[in-house]
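2 protein chains.
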Amino acid sequence: MLTKEELPFCPVATTVDLIGNKWKLLIMRELLKGTKRFNEIHRLVDGISQKVLTENLRKMENDGIVKREVFPEVPPRVEYSLTELGDSLRPIINSMSDWGTDYIKNNLMEQK
Amino acid sequence: MLTKEELPFCPVATTVDLIGNKWKLLIMRELLKGTKRFNEIHRLVDGISQKVLTENLRKMENDGIVKREVFPEVPPRVEYSLTELGDSLRPIINSMSDWGTDYIKNNLMEQK
DNA sequence: CTGTATCCCAGTGGATACTG
DNA sequence: CAGTATCCACTGGGATACAG
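Chains B and W, in that order, give the protein sequences. Going by my numbering, the first sequence opens with residue 2, and the numbers climb by one from there. Going by my numbering, the second sequence opens with residue 2, and the numbers climb by one from there.
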């Protein structure tokens, strides 16, 4: 997206282009808690395949919101963390978390 | 999603399930500005097809975040607006808008 | 105007096997 | 461990035609 300049820089569309999909948002949720290894994220983001995880991490790296650090060890270790730009997205994930918490409380726990 | 109870109510995942895709977020952006007719949204959400718009509006209606009101006129008029639940998502879109604004300012307007 | 109904293609993403 | 490489199924989404 963002290919056509007919989008005169809508802020919401810009953000959506960077993290407006399920997997990126869930990966963000984990990385906001701190640096993580590949397999950790794979385990924590429920249902994601190795392929899709790799693809999304690469995109996020290219967009400058994720930093990838390779440690030349055996077995290999690769750590992913948020860049400063990535961390600046924290308020968005937080607001989603806040809303979700309320929603669950009010709508999914009708056991009053 | 949310089919497997292996998701022990993660707030972010819950929110992502409801509005974690491009089109819904952009539709939200418009409806947060006020009630709109079908064709208005179609015009304002750049690139969306009639079919996809209808599908997403139906899903959002079923999820209780959008209200659909039909006026028995000729030609027909249908107005879409946010429910109270839908409007409660405002902070999320706002934080995305805020972040996008900063991002554009800092990264896409390097004309200093 | 506001849809529904088809057809169909491209891309997303799952499963599996293999590698450094 | 952290990928890459395939193969493939499914579906999101475009185009088009038609309807109330």
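Hints may be right or wrong, so weigh each one.
Since copy identity is lost for identical chains, a pair holds within one copy or between any two.
As a list, the in silico BS3-like pairs of lysine-lysine whose alpha-carbon atoms are at most 30 Å apart [as the list claims (entries may be wrong)]:
1. LYS52 / LYS106
2. LYS106 / LYS68
3. LYS68 / LYS34
4. LYS37 / LYS23
5. LYS52 / LYS37
6. LYS60 / LYS106
7. LYS68 / LYS52
8. LYS23 / LYS68
9. LYS37 / LYS60
10. LYS60 / LYS23
11. LYS37 / LYS68
12. LYS52 / LYS34
13. LYS23 / LYS106
None of these hints come from the bench; they were simulated from the model.
Hint by hint, here is what the structure shows:
1. Neither within a single protomer nor between protomers do LYS52 and LYS106 lie at most 30 Å apart by alpha-carbon distance, with minima of 34 Å and 34 Å respectively.
2. In this homomeric assembly, LYS106 and LYS68 come within 30 Å of each other (Cα to Cα) only across copies, at 22 Å, whereas the closest approach inside a single copy is 35 Å.
3. For a Cα distance limit of 30 Å, the shortest separation of LYS68 from LYS34 inside one copy, 14 Å, qualifies, whereas the shortest one across copies, 36 Å, does not.
4. Taking the shortest alpha-carbon separations for LYS37 and LYS23, both the intra-copy value of 19 Å and the inter-copy value of 27 Å come in at or below 30 Å.
5. Within a single copy, LYS52 and LYS37 get their C-alpha atoms as close as 17 Å, which meets the 30 Å cut-off; across copies the closest is 40 Å, which misses it.
6. Taking identical chains as interchangeable, the C-alpha atoms of LYS60 and LYS106 lie at most 30 Å apart only when they sit on different chains, with a minimum of 21 Å there against 34 Å within one chain.
7. For a Cα distance limit of 30 Å, the shortest separation of LYS68 from LYS52 inside one copy, 18 Å, qualifies, whereas the shortest one across copies, 38 Å, does not.
8. For the homomeric pair LYS23 and LYS68, the shortest alpha-carbon distances inside one copy (20 Å) and between copies (24 Å) are both at most 30 Å.
9. Taking the closest pair of Cα atoms, LYS37 and LYS60 come within 30 Å of each other only inside a single copy of the chain (17 Å); across copies the shortest separation is 35 Å, beyond that limit.
10. For the homomeric pair LYS60 and LYS23, the shortest alpha-carbon distances inside one copy (14 Å) and between copies (16 Å) are both at most 30 Å.
11. For the identical chains of this complex, LYS37 and LYS68 are intra-copy neighbours only, at 11 Å inside a copy versus 41 Å across copies, given an alpha-carbon limit of 30 Å.
12. Taking the shortest Cα distances, LYS52 and LYS34 sit within 30 Å of each other inside one copy (23 Å), while across copies they are farther apart (39 Å).
13. Taking identical chains as interchangeable, the C-alpha atoms of LYS23 and LYS106 lie at most 30 Å apart whether they share a chain (22 Å) or sit on different chains (26 Å).
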